[in-house]
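Protein chains: 2
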Amino acid sequence: MNYERILPEIIQKNDKKILLLVIDGLGGLPDPKTGKTELETANIPNLDYFAKIGSCGLLTPVLPGITPGSGPGHIALFGYDPIEIQIGRGILECLGIGLEVKKGEIAIRGNFATIDENRIVLDRRAGRIPTEENEKIVNLISENIKEIKGVKIKIKTVKEHRCAIILSGENLSCDVTENDPGKEGLTLKNIDPLSEKGKFTAEVLNEFEERVISLLKNLNSKAKCLLLRGFSTYPDIQTFQERYKLKPCCIATYPMYKGISKLVGMEVVECGEKIEDEIETLKNIYNDYDFFFLHIKKTDSFGEDGNFEGKVKILEEIDRKIEPIKNMKFEAIAITGDHSTPSVLKSHSWHPVPVVVVSPNTLPDKVERFTERDCSKGILGNIYSKNLMYILLACSLKLGKFGA
Amino acid sequence: MNYERILPEIIQKNDKKILLLVIDGLGGLPDPKTGKTELETANIPNLDYFAKIGSCGLLTPVLPGITPGSGPGHIALFGYDPIEIQIGRGILECLGIGLEVKKGEIAIRGNFATIDENRIVLDRRAGRIPTEENEKIVNLISENIKEIKGVKIKIKTVKEHRCAIILSGENLSCDVTENDPGKEGLTLKNIDPLSEKGKFTAEVLNEFEERVISLLKNLNSKAKCLLLRGFSTYPDIQTFQERYKLKPCCIATYPMYKGISKLVGMEVVECGEKIEDEIETLKNIYNDYDFFFLHIKKTDSFGEDGNFEGKVKILEEIDRKIEPIKNMKFEAIAITGDHSTPSVLKSHSWHPVPVVVVSPNTLPDKVERFTERDCSKGILGNIYSKNLMYILLACSLKLGKFGA
Chain D
1 MNYERILPEI
11 IQKNDKKILL
21 LVIDGLGGLP
31 DPKTGKTELE
41 TANIPNLDYF
51 AKIGSCGLLT
61 PVLPGITPGS
71 GPGHIALFGY
81 DPIEIQIGRG
91 ILECLGIGLE
101 VKKGEIAIRG
111 NFATIDENRI
121 VLDRRAGRIP
131 TEENEKIVNL
141 ISENIKEIKG
151 VKIKIKTVKE
161 HRCAIILSGE
171 NLSCDVTEND
181 PGKEGLTLKN
191 IDPLSEKGKF
201 TAEVLNEFEE
211 RVISLLKNLN
221 SKAKCLLLRG
231 FSTYPDIQTF
241 QERYKLKPCC
251 IATYPMYKGI
261 SKLVGMEVVE
271 CGEKIEDEIE
281 TLKNIYNDYD
291 FFFLHIKKTD
301 SFGEDGNFEG
311 KVKILEEIDR
321 KIEPIKNMKF
331 EAIAITGDHS
341 TPSVLKSHSW
351 HPVPVVVVSP
361 NTLPDKVERF
371 TERDCSKGIL
381 GNIYSKNLMY
391 ILLACSLKLG
401 KFGA
Chain C
1 MNYERILPEI
11 IQKNDKKILL
21 LVIDGLGGLP
31 DPKTGKTELE
41 TANIPNLDYF
51 AKIGSCGLLT
61 PVLPGITPGS
71 GPGHIALFGY
81 DPIEIQIGRG
91 ILECLGIGLE
101 VKKGEIAIRG
111 NFATIDENRI
121 VLDRRAGRIP
131 TEENEKIVNL
141 ISENIKEIKG
151 VKIKIKTVKE
161 HRCAIILSGE
171 NLSCDVTEND
181 PGKEGLTLKN
191 IDPLSEKGKF
201 TAEVLNEFEE
211 RVISLLKNLN
221 SKAKCLLLRG
231 FSTYPDIQTF
241 QERYKLKPCC
251 IATYPMYKGI
261 SKLVGMEVVE
271 CGEKIEDEIE
281 TLKNIYNDYD
291 FFFLHIKKTD
301 SFGEDGNFEG
311 KVKILEEIDR
321 KIEPIKNMKF
331 EAIAITGDHS
341 TPSVLKSHSW
351 HPVPVVVVSP
361 NTLPDKVERF
371 TERDCSKGIL
381 GNIYSKNLMY
391 ILLACSLKLG
401 KFGA
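Just so you know, the protein sequences line up as chains D and C, in that order. Using the numbering used here, the first residue of the first sequence is number 1, and each one after it goes up by one. Using the numbering used here, the first residue of the second sequence is number 1, and each one after it goes up by one.
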C-alpha cells in the first residue's frame, strides 16, 4: 500500500486520543416485508446523533464484491492492506480459541475425519462429532503425543470436528503440502515438503498423523484421522507502535478479536462480557492509552443466525449502552463495522458498511441517520476500510504534511 | 499508475483547449460560530454558475487523510501519481525562490545554524536570523566560494535562516548523507557517501562546509554553519508534450508554481501580480497554447494565516475577476484547488477539495453551489486529484478508445 512509503516521514506523536468502535457485522439488507434494513428499523438516537455531528460514509472492507472474514475485516480497519497482509487460517483458528501463537511456531487447523482401512476419506468432518467427544479425543492425543523429533505439539478443541494445533521448535516451516484430499472418496494424502526448508516439518507431521491414526484406530468414534490444513506462521506485520507511534489497546469479549489486536501490538485489557462492561473498561483505562479499539460482537451473531428482530434489538441495546461516549473526550471517533452481516443472508457479506467519523477537525455533512442508505450520502463517500485509520490519524493531527 | 500503460496508445492531438484553474488551498472547514465554510459563506455567483452547468465532485489530493505540500498537490493535478513522482525538497526550495535547476545539477536546502567550538549544534535555526542578515552572509559565501574541485556552487537566500544551494558539474550524485544531526545538543555530522557514486559529491560538500564554517567563524552572527539537507536532482518526469501531446502554459504569480510547471514542460508566461493580470494574460495568449494552467495563490495565504474573513473576501474577489472566462471558448475547464487550507486549522489539510468540470461533453449534475458539501453530491464523486487530468483530456476529445 502506498501509505507505507510516506508514513515514516509524516507520522507524529501527540497526546490526542482516538476511539475506533467496531460493531461487528454492522451493515444489513432490507427485511422483504418492510423494505427496511436492521439499522433503518432500529431506534438508535445516539448513533443518529453521531451521524448528525460527524462525517459519514460507507466503507468497502476489501474490494467491491468481496466478503471478508474477521481477519481481513479488522486488518483493513487497522490501516493495513487486507490482501497484502493476510493472517494464516491456522493462526486465526488458534486466535479464535484464545491460543496464542508466537514467532517461529506453526499454527495448523485440524479436522477430525473418518477413513477406512485403505485410508480412503469417508467423511471429511467425521459426522460432525459433538464438541464433548472432540474434547475427549484431543485429551487422549495431548497425553500421548507431546513431542516429536524435539518439536513440541499442542492441540486444542475448537468445536465439533475442528481443532487447532501448534508446533514449537527449531527449523519449522510452512513449506509443506496439506494431507486433506479435498473430497470424500479419495485417499488421505502424505504431507510433502514444498522445498528443502519444509523437509523436517513434513517428517514431523507425517509421524504425528501416523501416531494419531493408531491412537484413534480402536476408539468408538467416527474420528479416525486428522486433516491438517492452513499451516501458518506469525504474520510479518508492523505494530501500531512502529507504524503509527500509538499506544494502543483492545477492549473485546471474544478471543478472535483479542488475538488479532495482539498481532498489531495492542494491549488487550481485561474486561467483562457485557457491552456495559466494555464501556466501563473504556472509562477506566482512558488515561493509559491513546488508541482504543472497542469491539462489540453480538450484531454479527444475530445476523449470522438470520435473526432480523434480534439484530434490531441488539443495535438498540448498543445504542443505549454507548451513550457515555458522548461525554468522553476523543480527538477522533470512528463508529463502523468490519463488514456487513445481513440477517436475510445469514452470513457475512460484501456490502459496504456505514461509518461515521466524529472530530472537531472533520466536516460534518447533512446525514441525519446512521444507516446504510443515509451514510451513502455522506461527505466521506465510499472509501476503503484500509483508508479509515489515516483519516482518524489526520483528524487527531498525528500526520504532518507530505512533501513541501 | 495505470494510465501510463495505455496513454501512448490512446492519446491524440487536436485543437481543442483545456483550462485548469487552480485556486490554491481552496477547500475549508466551518467557522464554529456559523457552521459554514469559507466557500459556503462567500457570495460567489460565477463559481456557482460553473457548478450549475458542470459536473461537480471532490478531489482527494494524495490519499485519504494525507495533507499534501504544494509539490504533491500540483503533481497530482497534472495527472501524475504524487507518491511515485516526488519532487525533492531541495528542488522545491529552489523553485520557491525562482532558482531554476537543470538536469545533472544537485539542489540542496540549507539552514544556517549555531554551533560551538566543538561543533555541537546549539540552534538548528541560528535564532531565525533576519532575512537581511541571511542575505549579507549569503553574499559573503557567494563571493568567496564559487567553485570546489571544478563544481560550481550557487547559493541564494530563501528567508530567515533558510537558503538554497545548487551544485553544477560532472559526476554529481545525491547518494550522500545529510550533515544535520536532527536535534540540538548533537554534533554536526560529516557528509558521507551512501555509495561509490556519492563519493565525489561528499568530498565537495565537506570542503564547502569547512570553508563556510571558517568564513562565518568571526562574523557577528548566530549563523555559524550550514545544515545541508534535501539533496535532490531534477526529477525524472515526462513532460506534457511527451505524455499528453499538449502545448501547455502556466500563468502564475509565485515562483514555486512557475517552477513546478516548468518541470512538466509548461511554458511560463510573463504576467502581472494581480488576479486581473492573470485573466488578461489568459485572454492575450489564448491562441498560442492548448493547455492553460492558471494558478491563484491568495486563498491559501489567508487560510494559512487563519484569516477566515480574508479568505471569504478573496474568494469573492476571485469570483468577480474570473467572470470573463464564461465568455471564452474552452472544450474543458476544471476549477479546483491543490488541497484544502481551512482557516480554522491555519494550515494545509487532508480534506477533499471541491472540483467542477465544465464541458459540452460532460454530464451536469444537480449541484447548484460551488462548496465542499454541495460538490460532495456531484456526479464525479470523490476521486483522486491525479485522475482529473484524464477527465479533462477526455472531455476535450483527446483520448481515443482503449482496446477494440
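Source of the hints: derived by calculation from the structure; they are not laboratory data. Watch out, some of these pointers could steer you wrong.
If chains are identical, the list can't say which one is meant, so a pair holds when it fits in one copy or spans any two.
Capping the alpha-carbon separation at 20 Å, the derived lysine to any residue pairs in SDA-like fashion look like this [stated by the list, open to error]:
{"id": "1", "residue 1": "Lys377", "residue 2": "Leu363"}
{"id": "2", "residue 1": "Lys346", "residue 2": "Glu276"}
{"id": "3", "residue 1": "Lys217", "residue 2": "Asp48"}
{"id": "4", "residue 1": "Lys36", "residue 2": "Lys346"}
{"id": "5", "residue 1": "Lys149", "residue 2": "Asp15"}
{"id": "6", "residue 1": "Lys183", "residue 2": "Gly198"}
{"id": "7", "residue 1": "Lys366", "residue 2": "Lys377"}
{"id": "8", "residue 1": "Lys154", "residue 2": "Glu267"}
{"id": "9", "residue 1": "Lys321", "residue 2": "Asp374"}
{"id": "10", "residue 1": "Lys154", "residue 2": "Gly127"}
{"id": "11", "residue 1": "Lys146", "residue 2": "Asn206"}
None of the values given here were measured: they were computed from a predicted structure.
Now the hints, each set against the structure:
1. In the homo-oligomer, the alpha carbons of Lys377 and Leu363 lie at most 20 Å apart both inside one protomer (14 Å) and across protomers (14 Å), since each shortest distance falls under that limit.
2. Taking CA atoms no more than 20 Å apart as the test, Lys346 paired with Glu276 passes in neither setting, with 27 Å inside one copy and 40 Å between copies.
3. Proximity of Lys217 and Asp48 under a CA criterion of 20 Å is satisfied in neither setting, with 59 Å inside one chain copy and 66 Å between copies.
4. Taking the closest pair of Cα atoms, Lys36 and Lys346 come within 20 Å of each other only inside a single copy of the chain (16 Å); across copies the shortest separation is 43 Å, beyond that limit.
5. In this assembly of identical chains, the alpha carbons of Lys149 and Asp15 never lie at most 20 Å apart, being 50 Å within a copy and 50 Å across copies at closest.
6. Taking CA atoms no more than 20 Å apart as the test, Lys183 paired with Gly198 passes in neither setting, with 25 Å inside one copy and 48 Å between copies.
7. Proximity of Lys366 to Lys377 under the C-alpha cut-off of 20 Å is found in both arrangements, the shortest distances being 8 Å within a copy and 11 Å between copies.
8. Proximity of Lys154 and Glu267 under a CA criterion of 20 Å is satisfied in neither setting, with 24 Å inside one chain copy and 53 Å between copies.
9. For the identical chains of this complex, Lys321 and Asp374 are neighbours neither inside a copy (23 Å) nor across copies (34 Å), given an alpha-carbon limit of 20 Å.
10. Proximity of Lys154 to Gly127 under the C-alpha cut-off of 20 Å is found in neither arrangement, the shortest distances being 24 Å within a copy and 63 Å between copies.
11. Only within a single protomer do Lys146 and Asn206 lie at most 20 Å apart by alpha-carbon distance; the minimum there is 15 Å, versus 64 Å between protomers.
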